[in-house]
Structure formats: structure tokens, C-alpha cells
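Spelled out, the chains give:
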Amino acid sequence: MKEIFKTTTTIDFMGRRKVAMGISGLVILIGIIALIVRGLNFGIDFTGGTLVEVAYQKPVAISDVRQNLKQAGMDKALVQYFGTSEDVLIRLPTTAKQSNAKLSNAVMTALRADNAKVEMRRVEFVGPQVGKELADQGTLAMLYALIGILIYVAWRFEWRFAVGSVVALVHDVLITVGFFSLFQLEFTLPVLAAILAVIGYSLNDTIVVFDRIRENFRKLRKMETAELMNRSINETLRRTVLTSLTTLLVLLALYFLGGEVMLGFALALIIGVVVGTYSSIFIASPITLMLGVSRENLTPVKKNDGGAGDMV
Amino acid sequence: MLNQYPWWKYALMLLVIIPGFLYALPNLYGDDPGLQIRGVRNFKVTEATLSMVKATVRQNGITPKSVIREGAELKLRLVNTEDQLKSRDMIKKALGDHYTVALSLMPATPAWLAKINALPMYLGLDLRGGVHFLLDVDLASAITRAENRYAGDLRSTLREAGIRYRSIRQMKQGGIELRLRSVDDRTKAVAVINKKLTELKLQEVDREGNVYLLARLTDKAKRDITQFAVEQNMTALRNRIDELGVAEPVVQRQGENRIVVQLPGVQDTAKAKEILGRTATLEIHMVDEEHDLAGAINGTVPVGSAIYYYRDKRPILLRKRIIYSGDNVVDAAAGLDSQRGGAVVFITLDARGATINQRITGKNIGKRMAVVYKEIRSKAKLAADGTPVLDKNGKAVRIRKNIEEVITAPVIRDQLGRRFQIEGIGGIGEARDLSLLLRAGALAAPIDIVEERTIGPSLGRENINQGFRAVVIGFVVVLIFMLVYYRLFGMVANVALALNLVLTVAVLSLFQATLTLPGVAGIVLTVGMAVDANVLIYERIREELRNGNSPHASIHAGYSRAFTTIVDANVTTLIAAIVLFNFGTGPIKGFAVTLSIGIITSMFTAIFVTRGIINLIYGGRALKRLAI
Numbered sequence: 001m002k003e004i005f006k007t008t009t010t011i012d013f014m015g016r017r018k019v020a021m022g023i024s025g026l027v028i029l030i031g032i033i034a035l036i037v038r039g040l041n042f043g044i045d046f047t048g049g050t051l052v053e054v055a056y057q058k059p060v061a062i063s064d065v066r067q068n069l070k071q072a073g074m075d076k077a078l079v080q081y082f083g084t085s086e087d088v089l090i091r092l093p094t095t096a097k098q099s100n101a102k103l104s105n106a107v108m109t110a111l112r113a114d115n116a117k118v119e120m121r122r123v124e125f126v127g128p129q130v131g132k133e134l135a136d137q138g139t140l141a142m143l144y145a146l147i148g149i150l151i152y153v154a155w156r157f158e159w160r161f162a163v164g165s166v167v168a169l170v171h172d173v174l175i176t177v178g179f180f181s182l183f184q185l186e187f188t189l190p191v192l193a194a195i196l197a198v199i200g201y202s203l204n205d206t207i208v209v210f211d212r213i214r215e216n217f218r219k220l221r222k223m224e225t226a227e228l229m230n231r232s233i234n235e236t237l238r239r240t241v242l243t244s245l246t247t248l249l250v251l252l253a254l255y256f257l258g259g260e261v262m263l264g265f266a267l268a269l270i271i272g273v274v275v276g277t278y279s280s281i282f283i284a285s286p287i288t289l290m291l292g293v294s295r296e297n298l299t300p301v302k303k304n305d306g307g308a309g310d311m312v
Numbered sequence: 001m002l003n004q005y006p007w008w009k010y011a012l013m014l015l016v017i018i019p020g021f022l023y024a025l026p027n028l029y030g031d032d033p034g035l036q037i038r039g040v041r042n043f044k045v046t047e048a049t050l051s052m053v054k055a056t057v058r059q060n061g062i063t064p065k066s067v068i069r070e071g072a073e074l075k076l077r078l079v080n081t082e083d084q085l086k087s088r089d090m091i092k093k094a095l096g097d098h099y100t101v102a103l104s105l106m107p108a109t110p111a112w113l114a115k116i117n118a119l120p121m122y123l124g125l126d127l128r129g130g131v132h133f134l135l136d137v138d139l140a141s142a143i144t145r146a147e148n149r150y151a152g153d154l155r156s157t158l159r160e161a162g163i164r165y166r167s168i169r170q171m172k173q174g175g176i177e178l179r180l181r182s183v184d185d186r187t188k189a190v191a192v193i194n195k196k197l198t199e200l201k202l203q204e205v206d207r208e209g210n211v212y213l214l215a216r217l218t219d220k221a222k223r224d225i226t227q228f229a230v231e232q233n234m235t236a237l238r239n240r241i242d243e244l245g246v247a248e249p250v251v252q253r254q255g256e257n258r259i260v261v262q263l264p265g266v267q268d269t270a271k272a273k274e275i276l277g278r279t280a281t282l283e284i285h286m287v288d289e290e291h292d293l294a295g296a297i298n299g300t301v302p303v304g305s306a307i308y309y310y311r312d313k314r315p316i317l318l319r320k321r322i323i324y325s326g327d328n329v330v331d332a333a334a335g336l337d338s339q340r341g342g343a344v345v346f347i348t349l350d351a352r353g354a355t356i357n358q359r360i361t362g363k364n365i366g367k368r369m370a371v372v373y374k375e376i377r378s379k380a381k382l383a384a385d386g387t388p389v390l391d392k393n394g395k396a397v398r399i400r401k402n403i404e405e406v407i408t409a410p411v412i413r414d415q416l417g418r419r420f421q422i423e424g425i426g427g428i429g430e431a432r433d434l435s436l437l438l439r440a441g442a443l444a445a446p447i448d449i450v451e452e453r454t455i456g457p458s459l460g461r462e463n464i465n466q467g468f469r470a471v472v473i474g475f476v477v478v479l480i481f482m483l484v485y486y487r488l489f490g491m492v493a494n495v496a497l498a499l500n501l502v503l504t505v506a507v508l509s510l511f512q513a514t515l516t517l518p519g520v521a522g523i524v525l526t527v528g529m530a531v532d533a534n535v536l537i538y539e540r541i542r543e544e545l546r547n548g549n550s551p552h553a554s555i556h557a558g559y560s561r562a563f564t565t566i567v568d569a570n571v572t573t574l575i576a577a578i579v580l581f582n583f584g585t586g587p588i589k590g591f592a593v594t595l596s597i598g599i600i601t602s603m604f605t606a607i608f609v610t611r612g613i614i615n616l617i618y619g620g621r622a623l624k625r626l627a628i
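Listed in order, the protein sequences are those of chains A and B.
Following my numbering, the numbering of the first sequence begins with 1 at its first residue and continues without gaps.
Following my numbering, the numbering of the second sequence begins with 1 at its first residue and continues without gaps.
Keep in mind the hints are simulated off the structure, nothing from the lab.
In this text the structure is predicted, and so the values were computed from the model without any measurement.
The beta carbon of each residue, even a glycine, is placed where N, CA and C say it ideally should be.
Treat the hints with care, since some could be wrong.
[Stated by the list, open to error] Reference listing, derived: stretches of chain A covered by chain B, where coverage requires no fewer than 3 residues with Cβ under 8 angstroms from a Cβ of chain B:
(1) 115–126
(2) 136–143
(3) 146–153
(4) 230–242
(5) 254–262
With the sequences and hints as input, model every part of the structure.
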């Protein structure tokens, strides 16, 4: 493993930016088409509704559960296994007729109708009003995070870098959301949280590259911008790959061991970390380059890396 | 000399690390099953209660770990859950209705740690099991009720001032309309009202030759009323939860009109919902015996009276005026009537209620008095597809249903005082519910459950186990990776990583922030991200070495050059975490909290601590090569 990274690589990332952007564009396009055609499979956090997870003592047939619910008048119930054939997840839409707060109790009564030993594991009820609020707040949160980051990066670097990093972040978010839409995976509140964490994480990578670009701008005064960016990305490539690798390792642990509830959350993070690593190399810097960044844009910034080191 | 830290930097490090270990320590001790015993209303736990509890459990052959009195609470620690359940039943029987006995898990923190306030992390409901409710308070209905009250006040104020009026009625669209006899009367009325009822603003209206006065609540009065309504609701909810016997309940305000209620360990949500959501209260009215009920039904309802119905729909004519209401009740208990055997509720009134009761019943012996059960049900109106119907301001339209039932209308046989009993109640179960509601106080405004999350105890335990396993495995994998890849330096990074985990847990414990399942995921994620700082530094050191710098210069340059990068990278992640915290509800907040704490502590461990260790190993001696 060490030999692969023995010396600094000299890959021409900038030269391949058109190919990379083409691929990204295509993937995003597929995601957007999926979003338009299939939409997102929103969980009850956003749509409102009732979700009941129950555990039977022995494996149970979905059709039996459905039958029980139907007899109690809940024929709109969606029933599926959750992990094992003893765990069952029941989803009920909001209805105008029945008081939602009491629905979960009605479900348990219906399931126990034929004396089956059923244990209530989890109930989630979200009123339609709250669901709408959460969806609105989620969108707002995403915007606030992006604006906050835009301002911070513009302040620490320059606006072209800020735009480059935010384009990369939007890229990551679109691909992750597109993936959830394409495969109709359930989009829940934890998934949204994961996407916000991805924004933070992916930016981490981008900042490291930008930092090196800034440093090289000062050091290598004659080098052309594209070549300098290539060099900066190559110099930080090892760190980028290593950190993504360690993060992916723990995320895989979370995905496989964290339990059914954490699946969507861990998956969103895994996709986000992979895409985020890719975008910090192939999207953020090329965009900044295309916006016409030059050495002069960064030289007025005070050199502060040497001095700050004394604080360590 | 390069790469040497002055002694005070190490002292500073220890100053953080030692308390860190101390405050993380309680998490290793686990929990004892226990019981929390509290008095209801006027009943307090005393030394007598303490010895009684002790005696009760000992008699049954159970030896508790400890029994202590802590403020208004008795805490009983037991060896296992079997003892816990047995003791609960026995103590409940021995103490009776005036105490609540709640099952709880008590941290088994040693006394010397508890003394410095070191407690284990506070686990969220998704890890310990329980129910979370988000309640919406119907504030508009609180305003309507206040206007109703003011309509009564207006009547009596005008009467006292000797101003005659034609009618006073509450408007559907809000406000109270007074119809007066003359402009002159109106001028007098305005003067009196402005002096006595300052919460009302008045508007003079002339319509169809009639003289009207429109009274509206001022904005300040409205704000006060809604503020009071939410606070009163929270108090009532707390009282009701106390009655349910829940250990460590949380009742918190969220935003303008929402209340969060968390009940750890509660499984029977049906009962909880029923008790929490009830807006019932009792009102005592006099029966109008001067007028004819049949005539009233045919359309000539006398002024000041109204037709009410029993539960079985029998009509009865009552005076509108409320003599006193559930607000004046200080205690209520269900029981059986010793003479006739029916279910009754024994009621004790406060001083004001007692005075009124004495006066009214004294004056009206032989007449009838009615007990009216009053409940307002309120829920959001939904369209056929289940989405809420919104008004033009974007607020959900609510359907309100007033339930008014006459429970009983007995003849007053004697002058009543502070204590009396209500008969004619459906059954002992109903009597119990009614007395509970009266004891706990009425809700000032109806509430609606808009969100519920219940986690069963088995799932909570499973969540802890799985979360713990994910943290451990993820952690170990990263440790191995770092060791293989960076050798000695990897070892140092691993020490920092472990320390980071300890410090994160310590900070969470110290602030008693709620640890949720997404919070555990946040910890897992910080394990992955915390090594980033070290990877950055070490890669930089290797680079410097490759460029032909001396080992010492490389270490120095590696740390100082990577510093700004690390700060920039972490600050941006923090921005995302802070946004997440502000937007998030419950579990998501937990994720933001652990992520933020992990990032901040990782800056300390990954930069400062690893440098300290590296300096200890390499500092002050000549070096040919580094084990990196």
C-alpha cells in the first residue's frame, strides 16, 4: 500500500476536467430526471403519517399482517419486513377520518386480534403540519449552510474559490439526492442530516486543496495556474485518499453494524464521502480555474501559516 | 532547540486530560434498577415515608442497595429488575394513592464522582426507550376563552356602575359587542371600562340606529394570555405526568405554541395520550328553577340561562353563571359512597371556592346545583388527502368541539364548605379519571399531538449495543490502519484518537447533553474525521523529509504548515454542524452536538497532544531518521 504513495503523483487532473465534468453532468442529469420522474421517496418525517415497527416472536407472513390490518379497516397500510422476517414495518398515511395520535394503538390492537405475540418496537407519528415544517426547515438549513460556507471561504480565500467550493457541494448534494431518488430509497430526517454532514465533510477536502493552491501561488511564482493547481491536487492527493479511506472504514462499520435504523443515514454519508472526495479534486478547482482565478487574487492576503504554527 | 515544549504546556495538557478522564469515568459504571417515589399535590415524602418504604421491602425479603431521600423524592436502588418490579407493587399498595412510584434506571456512579458532579451521559429516548410527544397549543382558543371571561366581567362591571345595557355578546370573528341604550350610557360605559378593564380597547359603532360598543383585547393582553396559556398548560402537563408516575420526564417549550413532552420508559402511550390531551374541567352552575324547561326548549330561553344536557341527552335548564370551576379544586379523590355504593369523587376546594360554596349553598338549601363536565376538543382540520387545511395566513384551520355534559344535579341538602362529594358518576374508572384531571389542573387551551415517537425498551437496548459495536469496530479498524501506515507516528495519533473519544464522552457527560442514536453516529464520524488532522500533519512531515529537510525541521514545518489547513477545514465542518443544530429537532440535534464536540476536541488532541508526545520522544536529541 505504501509503495503506491511513495512519491508525489503527477496526474493531469486539469487536463481531464472536461471529461470529469461531462461525467458529473451526466450523473447529475440522471439524478435530476429521476427526481422529476420518480421524485423522492419521502419518509413520514416529511409527509406526515404513522409508522409502527413491531417484532413477532416467530417469523410471520406479510399477508397475514396485512389481513389483520384490513379487518380493522386499515386497508391503506403498507407492510414490509424490516431486517428479518420477524420484524415488520407498517406505514399508514394520514387520513382525515381517524385521529392520527390514536392510530398506533389501533394498529397494535389489530395485530393482537388473533392472539399473536407482538411487541411494539417503535412508533413514529408525524402530523402533516409538522412534516411540512420539517421539509421547509430542511431546505432552509441546506441553504443557510451553503451561504455560511460561501461567506467563510470568500473571506479566507477569495470569491472564485467560494463559488468553486459551493458548486462542488451542490454537485455532491445533487448526486446523493439523485441516488436516493433513482433507487427510491427512503428519504428521512437522518438522511437529510447526513447530507448536511456531507456538505461539511466534502468541503473539508476542498479546503485542503485550496490551501495548498494558495501556498503554491506564493511559492511557485512563475508556474501557470492550471499546472499549479495540478501540482497542488497531486501533492494533497495522498491525504485526500487516506482520510476518505479512514472515514469510509468507520462508515462501513456503521452501515453494517449500526442497525436497520442507521442504514439510510450511513448510506447517504458513504455516497457523500465518495462523491465529495471526487468533487474536491475534479470539480472545485477546475471551476475556480474557469472563473479566471490568478495569483494576484490571493497575494494581498497576509501570509499567516508560518506565524500561526507557533501556537502549536 | 527545536521540538521541545515548555513544562507549562504539558501541565496545561494534563489540566484538560485528567478532568476529562474523571468526567468520562461514570459511564463505565452502568445503572441500577430503582424506584422514585414522590408525593402527589400536598403529600410530601418524609422520614416516616422513608422508614415505611424500608420496612415494606424488608418484610418481603428484598434488600435494597440503598434508600435515600433527596429533596421531595425517595430514591430506592435495587439489585435487579425482578426486585424492582416486586418492590414497586408492594410500595404502591403500602403508600396508597397519594404517592407515585416510578420505575427508573439510576446511574451507579460512586459517591466521590457524584460529588464533583460527574454523571454518565444522558441517554436520549431512542437509546433508553420511551415516548416523545410534540404538542401544539391551540392559542386561538385561549383567546376565545379569555373573551368569554371578559364578557362576564363587562356584565358585572356595568351592573355595578349602574349602567344598563341591552345585550353583551361574544362575536364569532373575535371581540365582544355591547349594545347600549343611549349615547349617554355609552359615554359612561367607556369611562368605567377604560378605568376598570384596561386590557380592553374600545371602539364606538353606530348601526341601524343602535348604539354599540365593540371591545377587543389589546395586543399586549393577547400576548399575556397566550404566554400564560402555554405556561399554565406546561404546569398542568407536569402535574398530570406526576400522576402517571414517570421518572425524569421532560416538559419543554418549543417555539411560540409548541410543547415537547418526553416520558422515558413509558410504554402504554394510549393511557398517556388520553391523560395528557384531556382538556376537561368541572363547572358548578345553579339550576334555573324559576323558568320552565319546556318553554325554553320551544325557543324562549330566559336571559342568563341556557339549556344543558345530561350524558343521556336529557335536557336541563341551568344558569349561565359559573359559581366556581375546577380551578378552585385543590384535591380530588375517587371512592365509593359508603351508604349507597355508587362511585363518587371527593372534592376539596381552595379558600375562595370554599367561601363561595358556603355562601351559595347556604342561601339555596332545597334548590338544585349542577355539576357540568366541560371539555374542549381541538384538532387540525384535514382535507380528504390528509393534508391540513390552511387559512389565508397559512395557519392550520382547527375544528373545535365543545363537550358539555351535566354529570349530576343534586338537591342541596346542607350548607357545603371546603369538602364535599359528587355523586352520580358512571363508574369507579370514570371517577378516578375525573379526580386525576381535577387534581392536575385544567389546560388553559386545548392541545393537539402533532408528533409522536415511541421507542420500545428492547429496541432502545439494541440501539445502544449496535451503536457501541459500530463505534468500537470503526475505531479499531482506524487504529490498525494508522499503526500500519505511520508506525510510531501512527501510534501517537492513535493515543490522540483514544483521548479524543474520552474527551468527547467527558464533555457530553459534563454538559448532560442528550446522547441519541444519530449522536452515536456523530461520534463514529468524528473518529474517522479526527485522524484527518494527523494525516495532514504526517503527510506534510513526509513531504518535508522528501524535500531533503532535517527530521527536526520537518516535524516543525509539518505541524506549523498543516495548522491553518486544519483550522479552515474544521471551521467549515463546524458551520455545517451549527446549522444542523439550529434546524434540527431531537435526534438530529444530538448528531450536531456530538459532531461539534468531536471536532473541537480533535483539534486539541490531534494537534496539541500529538505534538507534545512527539516532542517528548524526539525533542532535544539529534536525529537521523523518523519512524514515519
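How the hints compare with the structure:
1. 115–126: It holds, with 8 qualifying residues against the three required.
2. 136–143: This one holds; 4 residues, not fewer than the three required, reach chain B with a Cβ under 8 angstroms.
3. 146–153: holds (count 4)
4. 230–242: holds (count 5)
5. 254–262: Since three or more residues must qualify, the claim that chain B covers the region 254–262 of chain A holds, with 6 doing so at under 8 angstroms.
In this structure, every one of the numbered hints holds.
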